[in-house]
Amino acid sequence: VVSLRRKARGATMPFRRLQTMIRVLFIDDDPQAQATLGMILAERYTVLSAASAAEGLRALHDQDPDVVLLDIDLPDRDGLALLEDIMSCPSPPPVIMLTAYGEVDFVKRAIQAGAYDFILKDFTLKALDGALRRAVQNADARRLFLSAPAPEGFAGLIGESPPIRELKSLLARYAGSDAPVLIHGESGSGKELAAAALHRLSPRREGPLVAVNCGAIPESLLESEL
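Converting from the sequence shown to the working numbering requires adding 19 to each position, the first position being numbered 1.
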């Protein structure tokens with residue numbers, strides 16, 4: 020099993036994002052939350068508001084937001100059901116779920132449905148700002164690599180079968196993310212090739228990729244070695 024942890028120091032947004040403000044669609048039926056978020060994000064983002072799932076879907080199609088902040092509790096539909104509808108769109112924006120509860124089951128269901136991230140409602144502006152920018156950066160990187168993937172980026176991953184195409188899509192999707200990535204599979208299935216491709220597709224491609232054989236390090240020395 021190969022596990023990679025990649026840090027965002029030195030990572031930059033694509034050039035086009037420097038020219039326009041990021042468009043955030045906030046779907047929440049709480050007027051106070053809408054007003055507060057619109058105020059605190061006004062200098063950094065263009066905030067689009069929707070108070071229901073129906074309004075959110077209309078805004079999604081009409082306003083073309085860069086990222087969606089989606090509350091789990093909506094008056095007309097469940098937030099997870101709306102998430103599934105959003106992710107079924109041809110080119111869905113990244114979706115960050117908002118919830119008052121950090122329940123493992125909810126987080127698991129949201130991620131499986133396609134959510135980029137989730138934030139507890141007692142978030143700080145710094146945490147929200149970071150999550151929004153990472154989500155948009157990730158989406159931009161994915162579109163870039165899927166539209167014109169560099170041949171060297173996927174070097175060693177031979178084939179165009181549906182599983183290989185899905186693997187390449189996943190690598191492109193997560194290459195721009197700051198999250199730890201766990202690659203697992205049977206011996207000889209190509210985990211190291213996938214890890215190397217993930218690194219080459221990431222904003223940290225100019226830095227070193229350090230491989231550590233954890234199985235060769237005694238348990239008592241693993242922490243100090245890493």
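No wet-lab data here; the hints were simulated from the structure. Honestly, I wouldn't trust all of these hints.
What the hints assert, rightly or not - Below, computed lysine to aspartate or glutamate pairings styled on DMTMM-like, alpha-carbon distance capped at 20 Å: (1) Lys140 <-> Asp124; (2) Lys145 <-> Glu62; (3) Lys140 <-> Asp92; (4) Lys145 <-> Asp197; (5) Lys140 <-> Asp97; (6) Lys127 <-> Asp48; (7) Lys145 <-> Asp85; (8) Lys140 <-> Asp48; (9) Lys140 <-> Asp49; (10) Lys127 <-> Glu103; (11) Lys210 <-> Glu179; (12) Lys127 <-> Asp104; (13) Lys127 <-> Asp92; (14) Lys140 <-> Glu122; (15) Lys145 <-> Glu185; (16) Lys127 <-> Asp85.
Do the hints match the structure? See the list:
Proximity of Lys140 to Asp124 is assessed by CA-CA distance (about 17 Å); at most 20 Å being required, the pair is judged to hold. The straight-line distance between the Cα atoms of Lys145 and Glu62 is roughly 14 Å, inside the 20 Å bound, and the hint therefore holds. For the hint pairing Lys140 with Asp92, the CA-to-CA distance comes to about 12 Å; that is within 20 Å, so the pair holds. For the given pair, Lys145 sits about 15 Å from Asp197 by alpha-carbon distance, which is consistent with the 20 Å threshold.
With a C-alpha separation of about 17 Å, the suggested pair Lys140 and Asp97 falls inside the 20 Å cut-off, and the hint holds. Between Lys127 and Asp48 the CA atoms are separated by roughly 24 Å; this puts the pair beyond 20 Å, and the hint is violated. Of the supplied pair hints, the one linking Lys145 and Asp85 holds, its CA atoms being roughly 19 Å apart against a limit of 20 Å. Taking the CA atoms of Lys140 and Asp48, the gap is about 14 Å. The hint holds against a cut of 20 Å.
With a C-alpha separation of about 12 Å, the suggested pairing of Lys140 with Asp49 holds against the 20 Å cut-off. Between Lys127 and Glu103 the CA atoms are separated by roughly 14 Å; this keeps the pair inside 20 Å, and the hint holds. Of the pairs offered as hints, the one joining Lys210 and Glu179 holds, with about 17 Å between alpha carbons and a cut-off of 20 Å not exceeded. Simply put, Lys127 and Asp104 have alpha-carbon atoms about 17 Å apart, close enough for the 20 Å limit, and the pair holds.
Restraint check: the Cα-Cα separation between Lys127 and Asp92 comes to about 17 Å, which is no more than 20 Å; the hinted pair holds. As the CA atoms of Lys140 and Glu122 are separated by approximately 13 Å, the hinted pair is consistent with the 20 Å bound. Taking the CA atoms of Lys145 and Glu185, the gap is near 34 Å; set against the 20 Å cutoff, the hint is violated. The hinted pair formed by Lys127 and Asp85 fails the criterion: a straight-line CA distance of about 23 Å is larger than 20 Å.
Violation of the numbered hints given earlier is confined to hints 6, 15 and 16; the remaining hints are satisfied by the structure.
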